[in-house]
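Visitor: Chain by chain, the residues:
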Amino acid sequence: MDLIVEGFRKAFLLIYRLDADLMGIILLSLKVSLTALLIGTVAGVPTGAALSFKRIPFKHALLNIMNTLMGLPPVVVGLFLYLMLSRRGPLGSMGLLYTSSAMIIAQSILAFPIVVSLSYAAINGVSMVIRQAAATLGASQFQCTVAVIKEARYAILSAIMAAFGRLSAEVGAILIVGGNIAGRTRVITSAIVLETDKGDFAVAIALGIVLLCVSLSVNAVLYIISRRGRVGQASEYLWA
Amino acid sequence: MGMTLQVSQLRKTYRDNVIFDACSYTFKDSMAYAIVGPNGTGKSTFLRMCALLEKPDAGTIDFLHGDRALDKSDGIMRRITLLLPSVGVFNTSVYENVAYGLRVRKCKNTEIEQRVAALLKLVGLHDKMKRRALTLSSGETQRMGLARALAIAPEILMLDEPTAAVDTANYKAITDILLSVKHSMKTTIIFATHDVKLADNIADRVVTVSDGLLMEI
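From first to last, the protein sequence lines are chains H and B.
Positions 16 to 255 (the numbering used here) are the ones given, in order, by the first sequence.
Positions 2 to 218 (the numbering used here) are the ones given, in order, by the second sequence.
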């Protein structure tokens, strides 16, 4: 019990003093996860929208693949990317292995299917009557699409936040392709693994607290978004 | 000047049921028409075809301005509108909902402000313009939908069951608004209803769907 109490005491001190190493790890984590999220969003939302609006061959097969990839084990992504980026791999000459760029690529791969699937569901969830209302008011096809995406905005934001939640807690892929190098590729989750192995629980607990705060913040934002989104749902079309 | 709507040899089937067959009718400009009949006779389908939301299986739907037939280059979709029974409320303010049709037409803000304010006054929602539209009652929503449809000054105004699911006060308000539109705007009005009293009050002509045809009563 003393170990835990002492660990927490030291952890709070580290956070209170804004320990430089700790801050470096936190900032790198946020940089990696937010950049990956940005890439996942920029690629994922339009893909989800295209799957919803366009007639695409093998659409349902693609959606099934995306839904399956939502549960993709991060270590598998890490392994795949490691094989691609290692010296003997096809992209080895780029020298990306054990860099933050490799970690961003890995997390983007994890974020993409989440954003695609949930954005697709969000856009598809907007009642057909909204598209028709826009059309009957003279909106062009593009303007109708914009109207629908606007109506789905809260649910799309939820999708993005859900992806961020997964990325911030992810450890398998970044550990494999990042290598957990101090000051270069060490992020919150990989540092917790290392510090726990070393028995330096204070740092591990401090990082754990920060990670929990990040998760709590994400959940709080998700809650607010989902509340606003609930108001945004349109009533179903009544066929007379 | 309103617009004339002419349907010729219209055919529409739905799950092997023939709803319209060789149906021809002309809705003359600046007149008010009611399509009456019980649910399931095809009134809504007919309006949706006229609003170009649904394609007929056969036949033609022509829009005439005087003697001239309009085509796609005349921007028909921007000159007609259909108020659906479920209004399709955008998750924004009442003001923005009514302004939507003007915004997609890239009207100036001052023009939008004036028109939206005047229409919200007409439908009795002037004091609720900043409210979130989804919090309106069903009667208020219907009136907002009417203001939104009128904002674009349609040459053909189609309404699908405009008084369904509204209370007596809103029923009277909607009836008054439609009468006011009929007398003050040169708009062709076509509305579907199962309410014969409403049809008698507003329409110049009352038609019914019978054996796949539109018949005047």
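These are calculated hints, taken from the structure and not from any lab test.
Fair warning: this is a prediction, and the values are worked out from it, not measured in the lab.
Built from N, CA and C at the ideal position, the CB exists for glycine as well.
Warning: the hint list may mix true and false statements.
Facing chain B, according to a computed beta carbon distance under 8 Å, are these residues of chain H, among others [to be verified]:
hint, residue
1, L33
2, A35
3, G39
4, G140
5, Q147
6, L152
7, G153
8, Q156
9, Q158
10, A162
11, I164
12, E166
Visitor: Can you name, in rising order, the numbers of the hints this structure does not satisfy?
Guide: 1, 2, 3, 4, 8 and 11
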